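If you want the building blocks of each chain, they are given just below.
2 protein chains.
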Amino acid sequence: MSIKIGIYGYGNLGKGVESAIKQNPDMELAAVFSRRNPESVKIATEGVPVISADSVEEYKDKIDVMIICGGSATDLPKQTPKLAKLFNVIDSFDTHAKIPEHFANVDSAAKETNHVGVISVGWDPGMFSLNRLYANCILVDGADYTFWGKGVSQGHSDAIRRIEGVADARQYTVPVESALEAVRNGENPPLSTRQKHTRLCYVVAKDGADKAAIEEQIKNMPNYFADYDTTVNFITAEEMAKNHSGLPHGGLVLRSGKTGLNGEHKHIIEYSLKLDSNPEFTACVLAAYARAAYRFAQNKCFGCKTVFDIPPAYLSAMSHEDIISHLL
Amino acid sequence: MSIKIGIYGYGNLGKGVESAIKQNPDMELAAVFSRRNPESVKIATEGVPVISADSVEEYKDKIDVMIICGGSATDLPKQTPKLAKLFNVIDSFDTHAKIPEHFANVDSAAKETNHVGVISVGWDPGMFSLNRLYANCILVDGADYTFWGKGVSQGHSDAIRRIEGVADARQYTVPVESALEAVRNGENPPLSTRQKHTRLCYVVAKDGADKAAIEEQIKNMPNYFADYDTTVNFITAEEMAKNHSGLPHGGLVLRSGKTGLNGEHKHIIEYSLKLDSNPEFTACVLAAYARAAYRFAQNKCFGCKTVFDIPPAYLSAMSHEDIISHLL
Numbered sequence: 001m002s003i004k005i006g007i008y009g010y011g012n013l014g015k016g017v018e019s020a021i022k023q024n025p026d027m028e029l030a031a032v033f034s035r036r037n038p039e040s041v042k043i044a045t046e047g048v049p050v051i052s053a054d055s056v057e058e059y060k061d062k063i064d065v066m067i068i069c070g071g072s073a074t075d076l077p078k079q080t081p082k083l084a085k086l087f088n089v090i091d092s093f094d095t096h097a098k099i100p101e102h103f104a105n106v107d108s109a110a111k112e113t114n115h116v117g118v119i120s121v122g123w124d125p126g127m128f129s130l131n132r133l134y135a136n137c138i139l140v141d142g143a144d145y146t147f148w149g150k151g152v153s154q155g156h157s158d159a160i161r162r163i164e165g166v167a168d169a170r171q172y173t174v175p176v177e178s179a180l181e182a183v184r185n186g187e188n189p190p191l192s193t194r195q196k197h198t199r200l201c202y203v204v205a206k207d208g209a210d211k212a213a214i215e216e217q218i219k220n221m222p223n224y225f226a227d228y229d230t231t232v233n234f235i236t237a238e239e240m241a242k243n244h245s246g247l248p249h250g251g252l253v254l255r256s257g258k259t260g261l262n263g264e265h266k267h268i269i270e271y272s273l274k275l276d277s278n279p280e281f282t283a284c285v286l287a288a289y290a291r292a293a294y295r296f297a298q299n300k301c302f303g304c305k306t307v308f309d310i311p312p313a314y315l316s317a318m319s320h321e322d323i324i325s326h327l328l
Numbered sequence: 329m330s331i332k333i334g335i336y337g338y339g340n341l342g343k344g345v346e347s348a349i350k351q352n353p354d355m356e357l358a359a360v361f362s363r364r365n366p367e368s369v370k371i372a373t374e375g376v377p378v379i380s381a382d383s384v385e386e387y388k389d390k391i392d393v394m395i396i397c398g399g400s401a402t403d404l405p406k407q408t409p410k411l412a413k414l415f416n417v418i419d420s421f422d423t424h425a426k427i428p429e430h431f432a433n434v435d436s437a438a439k440e441t442n443h444v445g446v447i448s449v450g451w452d453p454g455m456f457s458l459n460r461l462y463a464n465c466i467l468v469d470g471a472d473y474t475f476w477g478k479g480v481s482q483g484h485s486d487a488i489r490r491i492e493g494v495a496d497a498r499q500y501t502v503p504v505e506s507a508l509e510a511v512r513n514g515e516n517p518p519l520s521t522r523q524k525h526t527r528l529c530y531v532v533a534k535d536g537a538d539k540a541a542i543e544e545q546i547k548n549m550p551n552y553f554a555d556y557d558t559t560v561n562f563i564t565a566e567e568m569a570k571n572h573s574g575l576p577h578g579g580l581v582l583r584s585g586k587t588g589l590n591g592e593h594k595h596i597i598e599y600s601l602k603l604d605s606n607p608e609f610t611a612c613v614l615a616a617y618a619r620a621a622y623r624f625a626q627n628k629c630f631g632c633k634t635v636f637d638i639p640p641a642y643l644s645a646m647s648h649e650d651i652i653s654h655l656l
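Chains A and B, in that order, give the protein sequences. With the working numbering, the residue at position 224 of the first sequence is 224, and numbering never jumps. With the working numbering, the residue at position 99 of the second sequence is 427, and numbering never jumps.
Accuracy of the hints is not assured; some may be wrong.
Now the stretches of chain A that chain B is said to cover, found in silico as 3 or more residues with beta-carbon under 8 angstroms [unchecked claim]:
1. 92-106
2. 138-152
3. 175-181
4. 284-298
5. 315-324
From chain A, some residues computed to sit far from chain B (all C-beta separations above 10 angstroms) [said to hold, decoys possible]:
6. K42
7. I51
8. E112
9. P125
10. A237
11. K274
Listed below are the simulated SDA-like cross-link pairs for lysine to any residue, each with C-alpha atoms no more than 20 angstroms apart in a straight line [said to hold, decoys possible]:
12. K150(A) / K478(B)
13. K258(A) / A167(A)
14. K343(B) / N262(A)
15. K426(B) / E321(A)
16. K478(B) / G186(A)
17. K211(A) / D141(A)
18. K196(A) / A167(A)
No lab work stands behind these hints, which were simulated from the structure alone. Predicted, not measured: the structure shown is a model, and the values here were computed from it. By construction, the Cβ of each residue, glycine as well, lies at the ideal position given by its N, Cα and C atoms.
Required output: the full structure, derived from the provided sequences and hints.
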């Protein structure tokens with residue numbers, strides 16, 4: 001019997017979840033929920049209904065786990081606690097500072113109705129968090145480093161698009177190679193924001209726009225660019241479509257630590273991701289943790305969980321015997 | 329109240345556990361158990377007794393978790409099930425093919441007497457296993473690669489030392505850089521044993537020994553060297569002591585996979601370790617998992633566990649609130 005998955009929200013992430021489900025033989029897509037007119041939403045899986053988000057309650061007993069694919073800024077803080085009263089749910093909430101509040105909200109909603117809610121699943125938060133935790137527990141005396149990229153930051157791209165005279169923009173976050181090398185060499189360097197990442201922007205200007213003014217505005221934008229070394233390249237719409245249509249991303253988590261009675265031995269733990277598609281990879285992590293949510297629910301272990309609370313074996317479709325024989 | 333740890337076996341690994349305990353403020357070393365005459369064993373922690381292994385039963389109620397630091401070939405298959413009848417235990421059993429049998433033996437011994445036994449903890453098996461599992465669950469359609477080194481293989485060094493005319497030897501396992509690059513590029517290359525690693529040997533010959541014969545014997549030794557490109561360097565005892573006295577090791581686990589409706593996007597997950605001291609790093613992993621064993625015992629969740637069965641949060645000395653706020 002396969003795990004019946006619902007997808008709530010059908011943007012890039014929802015589409016990624018749909019293709020992830022196809023790779024997991026123990027899962028099936030039961031329905032896609034959308035706030036748009038369901039008739040306007042075409043999905044890639046035949047025979048699966050698209051349902052108006054307003055009618056989600058009717059699916060209360062037809063979905064084992066609902067994968068919520070909304071945005072962290074305004075969608076998930078409301079959607080996840082609300083849907084946790086009806087379903088076992090999982091989301092990719094990624095506003096780090098607000099995770100404790102979100103955890104508490106989802107925990108009480110889920111416990112009230114005997115459901116499981118898994119939050120903040122993806123790669124950061126998610127796999128990067130796990131690697132920070134494991135590495136901190138092993139190398140107690142050490143320092144953490146996280147680098148992002150090379151990859152597209154959608155928030156930064158959007159910020160550029162809001163500047164007058166900009167027709168389109170893509171922003172890549174790029175780790176500074178020399179900083180990364182210093183960390184890998186065990187030098188434990190203190191690194192400022194500027195020393196860790198550079199920002200590389202590709203901009204299509206509208207006809208007659210003042211390019212120098214656009215470049216100036218980008219480079220001085222507080223929070224987004226002012227603290228970084230930023231490069232701005234103006235390109236044509238054709239070049240944008242040809243060379244910058246993907247959503248690649250990735251990054252690295254490192255911990256550099258010392259052991260021995262006198263701290264005489266150095267160690268480096270490094271975890272890195274190189275992703276052609278940020279949303280599809282995040283979706284694959286969500287699918288694996290949806291399996292874990294299902295198992296927690298079967299064990300009547302209700303409430304909110306994070307990647308920290310979940311035994312790794314719960315993610316696997318393989319039997320316990322098989323993972324011990326083949327992966328340990 | 330701190331977790332009272334016992335160390336059973338005081339070789340390189342036991343010494344590493346001793347220094348790891350000093351880095352973890354919630355742990356204290358209660359006793360060291362040795363098969364040698366206890367009076368001949370000097371340990372680095374003041375005020376802690378060294379006890380004959382024969383008297384271990386007297387410590388039945390004085391140890392929260394016993395970290396067993398014996399060898400996998402002959403010690404652990406006997407020691408871990410036997411000690412699991414008296415204590416919560418943890419070991420670094422690393423004979424991959426025999427893990428299912430060891431699991432069953434420890435599980436029944438531990439359940440019989442309401443104890444917890446955590447087996448096969450370290451970096452491989454251990455952290456590498458975890459990364460194989462997580463990566464397999466995320467990238468369902470993909471291929472796994474494990475590389476070891478650059479590092480000292482004690483088994484291979486010992487094999488060289490058994491050759492006539494050899495006074496001392498050190499063998500380094502070295503990953504083949506071009507193979508690693510092909511994997512990182514997402515080429516999913518099929519790799520033979522010879523294509524993945526080379527073996528680099530430093531040998532001190534006895535006076536008058538036939539060096540050509542030694543080199544020949546090393547290069548043709550079945551299982552250990554015959555399937556590899558092996559380099560043999562003869563050095564002096566002084567060079568050996570100066571340049572090859574450490575036990576560095578490390579390695580990489582990679583998974584290369586595809587996502588998307590038509591497998592159109594590639595992804596690489598890479599985990600790597602660079603370790604100045606193999607036994608001290610393994611000891612740090614054991615210490616963190618000893619904390620998990622203690623928590624399982626407190627929750628009366630008895631029997632055998634592996635790294636796959638343990639929620640990551642159990643490894644941390646921090647509160648659940650703190651790990652969510654600071655590491656997620």
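Going down the list of hints, with the structure as the test:
no.	hint	in the structure
1	92-106	holds (count 4)
2	138-152	holds (count 4)
3	175-181	violated (count 0)
4	284-298	holds (count 4)
5	315-324	holds (count 7)
6	K42	13 angstroms, holds
7	I51	21 angstroms, holds
8	E112	20 angstroms, holds
9	P125	5 angstroms, violated
10	A237	23 angstroms, holds
11	K274	4 angstroms, violated
12	K150(A) / K478(B)	27 angstroms, violated
13	K258(A) / A167(A)	50 angstroms, violated
14	K343(B) / N262(A)	13 angstroms, holds
15	K426(B) / E321(A)	12 angstroms, holds
16	K478(B) / G186(A)	16 angstroms, holds
17	K211(A) / D141(A)	49 angstroms, violated
18	K196(A) / A167(A)	29 angstroms, violated
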